[in-house]
Amino acid sequence: MPGPQYLLDHDGVRLEVAALAAALRSLSVDGVQLTEPYAPDVVAPMGCGMVLSPWPNRVRDAVWEWEGEAQKLDVTEPKLHNASHGLLRNTGYTLVERNDSSLTLGALIAPQHGWPFLLDTRVRYELDADGLTVTHEVTNLSECTAPWAVGAHPYFRVGDVPCEQLTVTLTGATRLELDDRLNPVAVHPVDVPGDGASDLRDGRPARGLTLNTGYGELANRGGRADVAWLTAPDGSCTTLWADTAFGWIQAYTPHDFPRDAAHGGPGFAIALEPMTAPPNALNSGTDLIRLEPGASWAGSWGVRYTAAGGTR
Numbered sequence: 002m003p004g005p006q007y008l009l010d011h012d013g014v015r016l017e018v019a020a021l022a023a024a025l026r027s028l029s030v031d032g033v034q035l036t037e038p039y040a041p042d043v044v045a046p047m048g049c050g051m052v053l054s055p056w057p058n059r060v061r062d063a064v065w066e067w068e069g070e071a072q073k074l075d076v077t078e079p080k081l082h083n084a085s086h087g088l089l090r091n092t093g094y095t096l097v098e099r100n101d102s103s104l105t106l107g108a109l110i111a112p113q114h115g116w117p118f119l120l121d122t123r124v125r126y127e128l129d130a131d132g133l134t135v136t137h138e139v140t141n142l143s144e145c146t147a148p149w150a151v152g153a154h155p156y157f158r159v160g161d162v163p164c165e166q167l168t169v170t171l172t173g174a175t176r177l178e179l180d181d182r183l184n185p186v187a188v189h190p191v192d193v194p195g196d197g198a199s200d201l202r203d204g205r206p207a208r209g210l211t212l213n214t215g216y217g218e219l220a221n222r223g224g225r226a227d228v229a230w231l232t233a234p235d236g237s238c239t240t241l242w243a244d245t246a247f248g249w250i251q252a253y254t255p256h257d258f259p260r261d262a263a264h265g266g267p268g269f270a271i272a273l274e275p276m277t278a279p280p281n282a283l284n285s286g287t288d289l290i291r292l293e294p295g296a297s298w299a300g301s302w303g304v305r306y307t308a309a310g311g312t313r
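Numbering (the working numbering), first residue to last: 2 to 313.
No lab work stands behind these hints, which were simulated from the structure alone. Warning: the hint list may mix true and false statements.
As the list claims (entries may be wrong) - No farther apart than 20 Å at their CA atoms in a straight line, the calculated lysine to aspartate or glutamate pairs in the DMTMM-like style are these:
id, residue 1, residue 2
1, 80, 257
2, 80, 62
3, 73, 62
4, 80, 10
5, 80, 181
What the hints assert, rightly or not - Ranges of calculated distance between the beta carbons of each label pair, as one might list FRET restraints:
id, residue 1, residue 2, range
6, 12, 79, 22 to 30 Å
7, 204, 310, 17 to 25 Å
8, 93, 266, 24 to 32 Å
9, 107, 77, 17 to 25 Å
10, 235, 68, 24 to 32 Å
11, 129, 73, 21 to 29 Å
12, 226, 266, 33 to 41 Å
13, 121, 202, 20 to 28 Å
Backbone N, C-alpha and C define an ideal beta-carbon position, used for all residues, glycine too.
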């Protein structure tokens, strides 16, 4: 088993979290599954539910520069020769605090290849009446300014409804054009002629979508807001909200997600990954947070369930 597992079950909201990568392993409301669950004795499939820090997504060639000094990270995505999804995806978090309705896990990011900083990171999972609030925190323990970005990798569902039957709505007004190694090369409006498939603002049937696309200019630019949601044919809905810190979403729709038989078997899945910065931010600097020595930062996103008819 990949480390300790934690369970919160309060007032109809049930959460399971793995210590490894502080991964959100399962979330349900009144028995309705809102995320893709996986067994406690396996590593998160396709990054399912993992925390991604101190950067989400990729660093091209695992090389970047900070304050005029070149940095060389370990290549963790050999096929595409990138550094992928941060430095904690194989780290077991420790329990910091727990009560009936919340759970806080922590992990240090120590200096290592291509990362000359010491950061104290935490993630707090807090049950809400209709879902979950996730708060990411960091404190820079280094004696120098450090960069910071964070994301998460949840795959969402609406109960037992096959994901192909859902409608996907995502409020991003821009999308990233990627090269063949999944690194961004340009930013475009989602409604550019001939590229309507990337515009999800009015909702699109999930069936047939093949996405591995970063979206920006979300609905939360002025404050906390709903930024994406999945709607079932009966109107029930799983909604992703975020505060202003999480200005990006990576939408990823693998057609071979290794789901277990009890939840429909392998097939199509929908990841909506809240991120504070886009792919390759350590190089582009886009929305990269600068943490002065001793400084702290926090940001939140969450999940809400609405049953058919607009009730829990």
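*Indicate whether the distance between the beta carbons of residue 121 and residue 202 respects the range 20 to 28 Å.*
At roughly 38 Å between Cβ atoms, residue 202 and residue 121 fall outside 20 to 28 Å, so the hint is violated.
_Assuming the hint says 22 to 30 Å, is it satisfied by the Cβ distance from residue 12 to residue 79 or not?_
Given about 45 Å between the Cβ atoms, the range is violated.
*Does the hinted range 24 to 32 Å hold for residue 93 and residue 266 at CB?*
holds, 29 Å
*asked:* The hint says 17 to 25 Å between residue 204 and residue 310; measuring C-beta to C-beta, is that right?
replied: Holds, since residue 204 and residue 310 (Cβ atoms, about 19 Å apart) stay within the stated range.
*asked:* Between the beta carbons of residue 107 and residue 77, is the distance compatible with 17 to 25 Å?
replied: holds, 22 Å
*Could you grab the alpha-carbon distance between residue 80 and residue 257 and see if it respects the 20 Å cut-off?*
Holds: residue 80 and residue 257 sit about 18 Å apart, inside 20 Å.
*residue 129 versus residue 73 beta-carbon gap, inside 21 to 29 Å or not*: Violated, at about 42 Å.
*Does the Cβ-Cβ separation between residue 226 and residue 266 fall within 33 to 41 Å?*
holds, 35 Å
*Do the alpha carbons of residue 80 and residue 62 lie within 20 Å of each other, as the hint requires?*
Distance ~11 Å between residue 80 and residue 62 Cα, so the pair holds.
*Does the structure keep residue 80 and residue 10 at a Cα separation of 20 Å or less?*
violated, 40 Å
*Quick one, are residue 80 and residue 181 close enough, alpha carbons at most 20 Å?*
With a Cα-Cα distance of about 11 Å, the restraint between residue 80 and residue 181 holds, given a limit of 20 Å.
*Would the pair residue 73 and residue 62 pass a check requiring their Cα atoms to be no farther apart than 20 Å?*
holds, 9 Å
Of the numbered hints listed earlier, those contradicted by the structure are 4, 6, 10, 11, 13.
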